[in-house]
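2 protein chains.
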Amino acid sequence: MTEDELVEAIRPFTRGSGDDAALWQPSRSHRSVISTDMLVEGVDFTRNLMPLEDAGWRAMAANVSDLCAMGARPVLATVALGFPKEIAREDVLALYRGLAECAAAAKLDIVGGDLSCARDLTIAVAVVGEVRPSDAKLRSEGRPGDVLAVTGPLGAARAGLGIARDGAAIGEDLELEALRAFRRPRPRVAEGRFLGASRNVTAMMDLSDGLSTDAARLALASGCAADIESVPVAPAARALAERRKEDPQRFALAGGEDFELLVAVRPRAFAHVATRYAARFKRDLQRVGTLRTGSGVSFNGARLDRSGWDHFAG
Amino acid sequence: MTEDELVEAIRPFTRGSGDDAALWQPSRSHRSVISTDMLVEGVDFTRNLMPLEDAGWRAMAANVSDLCAMGARPVLATVALGFPKEIAREDVLALYRGLAECAAAAKLDIVGGDLSCARDLTIAVAVVGEVRPSDAKLRSEGRPGDVLAVTGPLGAARAGLGIARDGAAIGEDLELEALRAFRRPRPRVAEGRFLGASRNVTAMMDLSDGLSTDAARLALASGCAADIESVPVAPAARALAERRKEDPQRFALAGGEDFELLVAVRPRAFAHVATRYAARFKRDLQRVGTLRTGSGVSFNGARLDRSGWDHFAG
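Read top to bottom, the protein sequences are chains A and B.
Heads up, the first sequence is in the numbering used here, so the first residue is 1336 and it goes up one at a time.
Heads up, the second sequence is in the numbering used here, so the first residue is 1336 and it goes up one at a time.
One chain only, chain A, in its complex shape (with noise of 0.2 Å):
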């Protein structure tokens, strides 16, 4: 049973969009978004790969990076912590100075929450924001021809982890980039903003599973199929990809939670939308392939099999 199997199957329970935000009406002219995400210790993190603050920073941000994907500014989150009796204070108060230092970056508020005793370090994290209702993004709304982009170069989260764990010899400045887009990610608040604003981006989400999974979401909730034409690749990713003697572009797209975002923009408006956005964020928004009908996802014209996390796969 695979994660999106089982999403399928509690869906009758549940009203929701398929994304992994959710939209409500708080009154007429408003709406709000929240979205949650747990992380548990040995499964999403390990203290030996990465400090306890890191941990908090990471599930706050992956929290955040839920509503940047809606195009929603983030307002306020609840913290509900599980860890076992014997943790040490100290440590129950670095994990919430990395939620509440990442919570500061995107200029929120944790307003409260709740502590349990658990087994493993557990971290479920709520998120609620705010968006005008036209600006609100989808990841269903995609078109066939529309192009798909991503915010960022990729991998730089996967080459981060595998230098945490098994170390790498790809020079200090990129290991350092390369640890601190796994350890400190930064949600893409102003670039989901931006980009929520945009008529012609027609669907969006964060990349939290690697592009090959997510790509396969946005195409699956859409009705369309997706043609990856090219990776744009993170230096530090690219480095230890060929260190490894492995594909650059096939390590970036198995690579999750880099928290770029992934847009479907009308073909004909790509151009402008791109240059808009290195205008404003002196970087690139970098096409990656596009929609069109049918279902699936291909790489450079072969079938891919998502090759991203899966928490209950295999």
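Think of the hints as simulated: they come from the structure by calculation, not from any bench.
No distinction is drawn between identical chains; accordingly, a pair holds when it is met within one copy or between any pair of copies.
Simulated crosslink set (SDA-like; lysine to any residue; CA at most 25 Å straight-line):
hint: 1; residue 1: 1420; residue 2: 1339
hint: 2; residue 1: 1442; residue 2: 1365
hint: 3; residue 1: 1442; residue 2: 1408
hint: 4; residue 1: 1420; residue 2: 1383
hint: 5; residue 1: 1580; residue 2: 1499
hint: 6; residue 1: 1420; residue 2: 1496
hint: 7; residue 1: 1442; residue 2: 1346
hint: 8; residue 1: 1420; residue 2: 1340
hint: 9; residue 1: 1420; residue 2: 1380
hint: 10; residue 1: 1617; residue 2: 1524
hint: 11; residue 1: 1420; residue 2: 1640
hint: 12; residue 1: 1442; residue 2: 1465
hint: 13; residue 1: 1617; residue 2: 1601
hint: 14; residue 1: 1420; residue 2: 1378
hint: 15; residue 1: 1420; residue 2: 1382
hint: 16; residue 1: 1442; residue 2: 1364
hint: 17; residue 1: 1442; residue 2: 1343
hint: 18; residue 1: 1420; residue 2: 1432
hint: 19; residue 1: 1420; residue 2: 1454
hint: 20; residue 1: 1420; residue 2: 1452
hint: 21; residue 1: 1617; residue 2: 1533
hint: 22; residue 1: 1420; residue 2: 1342
Note that the coordinates shown come from a computational prediction; the quantities given were computed from them, not determined experimentally.
Since chain A is already given, all that's left is putting chain B on it; use the hints.
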């Protein structure tokens, strides 16, 4: 380190009122409320004491009850689930069915969530509700002289836990009543909204950890002492306590998860509020004591140590 001490230690990282739920303002005329709670198998529930459907119900009920305590109407929930890879698909669905049944009873939608691997089955729910600004109640606004009252008799859930664990011969009807209170507790949605709308109710919270513990929290937040004079005891709790040769009121004082509401009411208005409550709900708003200047909690004149549930004590 107790749970309350830990909550105090992480307070600098948060913007919380000390209530279980937090208020925010999505637009000028609206207030939204959010709350989160985490339940962990082996700590908050065990499968040998209740089916997973009931565990799901209780997880949702605990969260909804936090909204009730603020006078809010529940609107939506997100659910983050962590569970072992080997779990049966039917078990996940049973858990979700219980969550969804309680959500339907409280008239809210489950709008999304997250699935994660974990050694222990872990349920983290976040609920959002709405409340008119003038109806929102905190636990911190009680005043010396206010009458303390509860929305119904206490101890039934504790009796149900005892019966599920050890059995008891208190008669089939009382056993069923106690087991239902334990496995399918009913959050006081209508009662909370009714009391929230009363200007004479100064403070409100839900009884999740037992009156002795929660009255101490309300008193501390309000800068008062609480004198408990009498405790309304649910029939099943009285029968079980007597069978065990325990004092029924002390049994009920320490009984958590009844999810009745505890309110502070202006003394001259109490009779009026109680009369209207009884007319509306066909049950009594039961006086349990008063707030006064000072600190701590007494029961029948003797200082009461906390006897309720604390995740991290001892």
